[in-house]
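Chains as they are written, first to last, in the working numbering: chain A, 5 to 118; chain B, 17 to 130.
Be aware that one or more of the hints could be misleading.
Part of the chain B face toward chain A, derived, beta carbon under 8 Å [as the list claims (entries may be wrong)]:
no.	residue
1	Tyr47
2	Met56
3	Gly58
4	Gly114
5	Ala115
6	Asp116
7	Phe121
By construction, these hints were calculated from the structure, which means they are not laboratory data. Just so it is clear, CB atoms sit at the ideal spot from N, CA and C, and this is done for glycine as well.
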Amino acid sequence: GDSVTQMEGPVTLSEEAFLTINCTYTATGYPSLFWYVQYPGEGLQLLLKATKADDKGSNKGFEATYRKETTSFHLEKGSVQVSDSAVYFCALSDRGGGSYIPTFGRGTSLIVHP
Amino acid sequence: DAGVIQSPRHEVTEMGQEVTLRCKPISGHDYLFWYRQTMMRGLELLIYFNNNVPIDDSGMPEDRFSAKMPNASFSTLKIQPSEPRDSAVYFCASSLSGADTEAFFGQGTRLTVV
Chain A
5 GDSVTQMEGP VTLSEEAFLT INCTYTATGY PSLFWYVQYP GEGLQLLLKA TKADDKGSNK
65 GFEATYRKET TSFHLEKGSV QVSDSAVYFC ALSDRGGGSY IPTFGRGTSL IVHP
Chain B
17 DAGVIQSPRH EVTEMGQEVT LRCKPISGHD YLFWYRQTMM RGLELLIYFN NNVPIDDSGM
77 PEDRFSAKMP NASFSTLKIQ PSEPRDSAVY FCASSLSGAD TEAFFGQGTR LTVV
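Make the full structure from the sequences, and use the hints.
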């Protein structure tokens with residue numbers, strides 16, 4: 005079945021540091037890939053997405069590139085802020101199965117210190 | 017649209033009592049998902065509906081859990097009887113069909129069973 009693996013946290017950084025959160029996936033079909041963010045006390049919300057190989061999703065300074073050859077979708081940001089502290093979830097939606105049910109990773113907590 | 021609306025936001029109940037969680041999806045969305053989030057197990061899919069019909073409830077942990085969707089604008093998740101290990105944050109999410117579309121989450125219900 006489909007699955008998403010992302011690096012365990014917490015990831016602790018100082019403000020303005022470079023961020024990478026690794027994500028790899030397995031899928032039976034040709035999935036779309038997503039990053040969601042969850043701020044404390046809230047539900048998950050979409051951060052960015054990519055729907056085909058080599059697409060780059062971007063939003064709020066975050067970027068991720070759909071790498072089919074390495075089945076990866078790593079999240080990056082050049083300079084993190086304290087306000088980026090949250091839990092980040094990598095996810096896929098596999099069109100091959102026809103059911104479009106999102107599959108989520110375990111989430112990676114990011115803590116940014118001033 | 018106001019987004020996915022869940023109620024209550026917080027619920028504290030005694031072991032053995034019945035608990036009902038409520039969800040109003042985004043109008044026009046044809047998929048509805050119930051998730052449970054805990055530190056130990058992360059985000060777990062409990063059940064999902066397509067056009068108000070339950071499609072897969074294999075994630076429902078026990079017969080004490082049940083979910084209904086009587087119409088396109090309302091769903092409930094019921095736990096009867098509740099147990100302390102049911103304490104978690106329960107999320108409802110909705111989406112349109114299609115692998116390229118994201119899931120929209122409610123703010124969640126934090127359930128504490130004492």
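Interface hint outcome for Phe121 of chain B [beta carbon to chain A under 8 Å]: Since the shortest Cβ distance to chain A is 3 Å, the answer is holds.
Agreement of hint Asp116 of chain B with chain A interface, Cβ distance less than 8 Å: 5 Å, holds
Residue hint Gly58 of chain B, partner chain A, criterion CB-CB below 8 Å: Status holds, d = 4 Å.
Evaluation of the interface hint that places Met56 of chain B against chain A, nearest CB under 8 Å: 11 Å, violated
Restraint outcome when Tyr47 of chain B is required to lie within 8 Å of chain A by C-beta distance: Nearest chain A Cβ about 7 Å off; hint holds.
Restraint outcome when Ala115 of chain B is required to lie within 8 Å of chain A by C-beta distance: 4 Å, holds
Interface hint status, Gly114 of chain B versus chain A (Cβ within 8 Å): 6 Å, holds
In this structure, the one hint that does not hold is number 2.
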